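Engineer: Using the hints, position chains B and C against chain A.
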Amino acid sequence: MTAAVVTGIGVVAPNGVGTENYWRSVLAGRSGVRPLTRFDAGGYPVRVAGEVTEFDAAEHVPSRLRVQTDRWTQLAFHAADMALTDAGADPSEFPEYDMAVLTSSSSGGTEFGQHEIERLWSQGSRYVTAYQSIAWFYAATTGQLSIRHGMRGPCGVVCTEQAGGLDATGRTRRLLADGGARFVLTGGTDASLCPYGVTAQSANGLLSDSDDPDRGFQPFAATAGGYVPGEGGAILVAESAEAAEARGAERVYGRITGYAATFDPRPGGRDADGGSRLRKAAEQALADAGLEPAEIDVVFADASGDPERDRLESMALDRLFGPRGVPVTAPKTMTGRLYGGGAALDVATALLSIRDGVIPPTINVPALAPGCDLDLVRDEPRPASLRNALILARGHGGFNAALVISRAH
Amino acid sequence: MNTFTLDDLVVIMRAGGGEDREELQGDILDMPFGELGYDSLALLEITTRIENKYGISMPEDVATSVRTPREAIDHVNALVRAA
Amino acid sequence: MSTADDEREPVITGIGVVAPGGVGTKQFWELLTDGRTATRTISLFDATDFRSRIAAECDFDPAAEGLSPQEVRRMDRAAQFAVVAAREAMADSGLGPGLGGVDPGRIGVSIGSAVGCTTGLEEEYVVLSDGGRRWLLDPDYAVPQLYDYMVPSTMAVEVAWECGAEGPVSLTSTGCTAGIDSMGHGAQLIREGSADIVLAGATDAPLSPITVACFDAIRATSPNNTAPESASRPFDLHRDGFVLGEGAAVMVLETKAAARRRGARGYARISGFARRSNAFHMTGLKPDGREMAEAIASALDEAEAPAGDVDYINAHGSGTRQNDRHETAAFKRSLGERAREVPVSSIKSMIGHSLGAIGSIEVAASALALHHQVVPPTANLSTPDPECDLDYVPVTAREHPMNAVLSVGSGFGGFQSAMFLRRAEAL
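First to last, the sequence lines map onto chains A, B and C.
For what it's worth, the UniProt record's numbering labels the leading residue of the first sequence as 1, then goes sequentially.
For what it's worth, the UniProt record's numbering labels the leading residue of the second sequence as 1, then goes sequentially.
For what it's worth, the UniProt record's numbering labels the leading residue of the third sequence as 1, then goes sequentially.
Extracted from the complex, chain A is given alone in its bound form (with noise of 0.2 Å):
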């Protein structure tokens, strides 16, 4: 099997647009969570969130593409020029066929739908944009970056909510290893922090009602009480390990080694062993990289912050890895829940650690909620030397997946 490998990263973060911005501002524990300011929040149940302030559209992106476009797909493309830059890579230079774009959507283009619905009932349909019919559907992102770079191979559109982004990592790795494609730009990104969009998320029912940004957002924490949401997200350069040999890439953050998804059963249903299906999914993606638990050096954790769906990823970490058996981190905590762009955020998170030898604090965990009896690094980064990280996710309904990526050699 040929291997996957990371070349280049792309991050739009609440704390931090670019990756160097973003890991400073992790490592330091600084986060991206403020109140709402995208629109008077005051008569709604979140008040909180992460917002990517930092992100100009006017300055990244052509004004021919932002009016066709939703935010969520902007900042894809931003982190994509980031991502090829870092990687030092021209598309041109590749077989049109062998590159591929393969993104995670939760939502699609929310804000602009949400204004071209108004305007629909508002003003009657004569008023619809052209462009709402390209911009607000989910594969808006994944057809504009093809187009954009020139990628003619086979490009996918995965929606798993806030799994998405391993399981489009992971069904990059097959691309490569399979040879459908040399040269990938996968992750994911979301920004639905729009009336519409913070209405729809909050009849999920865990999302955190506290005002104070740094209490809405707590997993594993005695006080955990849901989560606050964001938006953002990571786009990466995934290569086969030949095609980044082959072209001389500057420098490899790591290779994709493994990768599952599973599936949670009907709630009310038979579910013996809580939590049972995420440890499933752990289980077979470290058979996928052939390694065993002890070779795991730290977690990025799904890290949901209500009470239960901690205490069940919790135990499902207890089982695989012995108490308190590896270090466990959330830096999702300095951003809020970034729904399609989060569990890509934390791959790129998990590569940079993986770089510098240090596990990123979770921040605002007080103290750890019984049940929850976890090696959780807190509050200052870790130095550590990392070879493996297993990165978990879980989206809504009962997604679970686990990435596991490596050190390059």
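Don't read these hints as lab results, they were simulated from the structure.
Everything numeric in this text was worked out from a predicted model, so none of it was measured.
Each residue gets a CB set at the ideal place from its N, CA and C atoms; glycine is no exception.
Okay, the calculated beta carbon distance ranges per label pair:
(1) 380/A with 280/C: 45 to 53 Å
(2) 263/C with 251/A: 54 to 62 Å
(3) 59/B with 41/C: 19 to 27 Å
(4) 337/C with 52/B: 49 to 57 Å
(5) 287/C with 60/B: 16 to 24 Å
(6) 384/C with 57/B: 27 to 35 Å
Structural biologist: Coordinates of chains B and C only, in the frame set by chain A:
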């Protein structure tokens, strides 16, 4: 309505196709829309905006049959006169 | 392909369809082989002020299809379609709802959709915004299932719950190729050993004002409001756009070895699948059909099939001038002389274009064509476009011996997909 002018068209082209369009300056009357960076989708958007603003109805195939700003302006003025 | 690979070749052993003209695979196939059209004036909402006021609607009564009141409340129309189709597919496969006692961890789901639960999202938005009048909404009116509508992945969740899947489950959303891509992904899960049974298919219910309006805005749909029954005219000189449709198809996929072991009826084997992108334009197609041709060539390559093996092409055939010429060129480019020898038809002439769902519905039609050895026609094709000069099977279905079928799709974003299916009578 007064005569539909290039200035009117440029305002709509910027709104419907992207506002920071430096190439929409100078003598563009006879430049094909494609060369000005306006594809079929942008032309459909501009068409709809013109229809809504001036209360006229353009033919179904207008986005492919009208090739330059001059043709678009003449077309709109003919429709407005007939209305 | 090695013998071990061959044993894991995915076989379609059960089919469920919700399509305009009747719920159920039997009604669907009868409509197609009768050459009847199910396009009509939109009745699902008042479309008086719209440019295109026609569509192919499903006469779908969820209660009559066995959905409980809670399921009806919880699910958007597209999710309801998917669940009803999944139930029919499981029953049809002979495995039943329990899928033959297969380990749930070995059951996967791969559903496709282009626009997800747009219908539900729009209906709720109208309430929350008090008729579209307020940008700031009233969250107090949010229904609990609103988030399920926002994330289309819930449609895969519903199907997974139906079949008890605990293996890999996902939704693929590559616009109008989503239904063929989701089948391709499902087939790959079987082939690579990630699952032993996969429910694969796609669903869309786009007949709501916002989606009809968005195709109005780009004048892609037919404005032939006076003759809806003949408005979808793929490859016909007098075509004037596509006609929107809705529906779902879900199929049971399993390995050839497992299907043989239990003596299952196989409709078709999925022998090849490939997708390419034109990287040209979000809606535009180049007339040369280059990337679709490349997808077709690559799908045949995977199946180790020469062009001469293709016995019928189930076309994308949306009924836009741009598409019909594009894919005619793609068939000639990829298949050479063979393109002129085989029948080509578009079922969108009868059931409209249900966006992401149609790819799976067309795979179902292709599998049924192989099973029954009958090619469904292209309805309404009375005046051939001189630039579309292949055998498009006008108006009347045709008995035709087939060992293999090619089904293709093309969609916004520039995506082009092709699936190559072989007969599965003898496993």
